[in-house]
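J.: Whenever a hint applies, use it, and build me the whole structure from the sequences.
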Amino acid sequence: MQNTRDYSEWYSRYIEDDLTSHEKVVFEKYLDENPEEKAVIERLQSLRSTLATFPPAPVSDDFETVLRARIQMEKKIGHGALSAFIQKWRSPVLGFASAIVLFIALNVFTGLQPDNTTGESKPISRQVLQNTQTPASNVQYSLDQFNSHTVFPTDIAVLSFGQIVSNGLSEQRQTAVADSSSMNGQKPPVTVHANVQLSY
Amino acid sequence: MEGFEEQSKEKLPSDEELIARFQQGDVYAFDLIVKRYKQQLLNFVFRFLNNRELAEDVVQETFLRVYRKRHAYKQVAKFSTWIYTIAGNLSRTELRRRKRRKLFSLSDIGMEEKDFEIASDEFNPEKHTNTVMHEKIIQREIDKLSSKFREVILLRDVQGLAYEEIAEIINVPLGTVKSRVNRARLRLQEMLKKSL
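Residue numbers (the numbering used here), protein chains in the order written: chain A, 1 to 200; chain B, 1 to 196.
Each statement offered as a hint is correct.
Within a straight-line C-alpha distance of at most 25 angstroms, the following computed DSS-like cross-link-like pairs (lysine-lysine) qualify: (1) B:K193 - A:K29; (2) B:K38 - A:K75; (3) B:K194 - A:K38; (4) B:K178 - A:K38; (5) A:K38 - B:K193; (6) B:K178 - A:K29.
No lab work stands behind these hints, which were simulated from the structure alone. None of these values were measured; they are calculated from a predicted model.
T.: Take a look at the structure:
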């Protein structure tokens, strides 16, 4: 009678001599009845002994020197200190970044609303159009000028994010992006340079 | 003399003692760990990635992690299990990265051109050529195995680790490891039957 039992899990156990004596007798009987399976066992045994004697991969002569150098470099850079610093400040930094994102999103959102004080929200775009062709040296903008705009609450917020407001426009070349949403989507974003140049 | 040798052997610190000394600030203990493990880790990683340069990088990174995270090691596990886990994780990450970038070059497909020293007193050129060829073919077929099969067969048959330790290293049940090794061997011999 043909033995139909599944011996597939026994191959490794057999070559590692891990079968019980009873299992071993049963399995050897099966192998005797199935010469092709006996050949598989022989190949497995040969493979196992070949793998066990695989020659070692050569290690570079400077392996330890390179490793020491890398450790020294880490010590200098202070990988541990850096990690600790990141660990310590990660939450505040993430909080600050979130606040900025929220701040910008809020500006965009409020900029989409029509200006309540005048009923329209175009002065800055008008001004941009007026000054696009003006040489930078001829025009000075000040905070007051922006203050006078009817869309001030939205635009000044964005401008102050670019640090123009606190320093005054004439001190440094700094850039801010005026919120295009304050123009009801009519105009592209406006870049405002200190000292003073307005352009699209 | 024999007694002296036995005494010297007895005095060799265990891995766990070395890492404990290192945790207490003894940097020399770390050097001993590197000396003890660099060859076997390189063997494993090299056979896993089939790229010696990458393998050395991975092994270097493994030791750097041991250096950095020395206090994370707890003596509940064998040190060898811990270091092999680190090396295995890094190797798998490297393999995934390599697959993603499809950086397989022709030199990666087969073994590198460097031959290896054969541990034999009498050098037989014909035998050497056959052995190297044989080894290259086996390595090429190992490369074709899935990373799951490749890892267990290397840990078991090349590195000679116990099934229990392999189970801890790859974090799967013992029965799964045994079954996986068995299937990996059967798959590999089937592939080699066609190649050799």
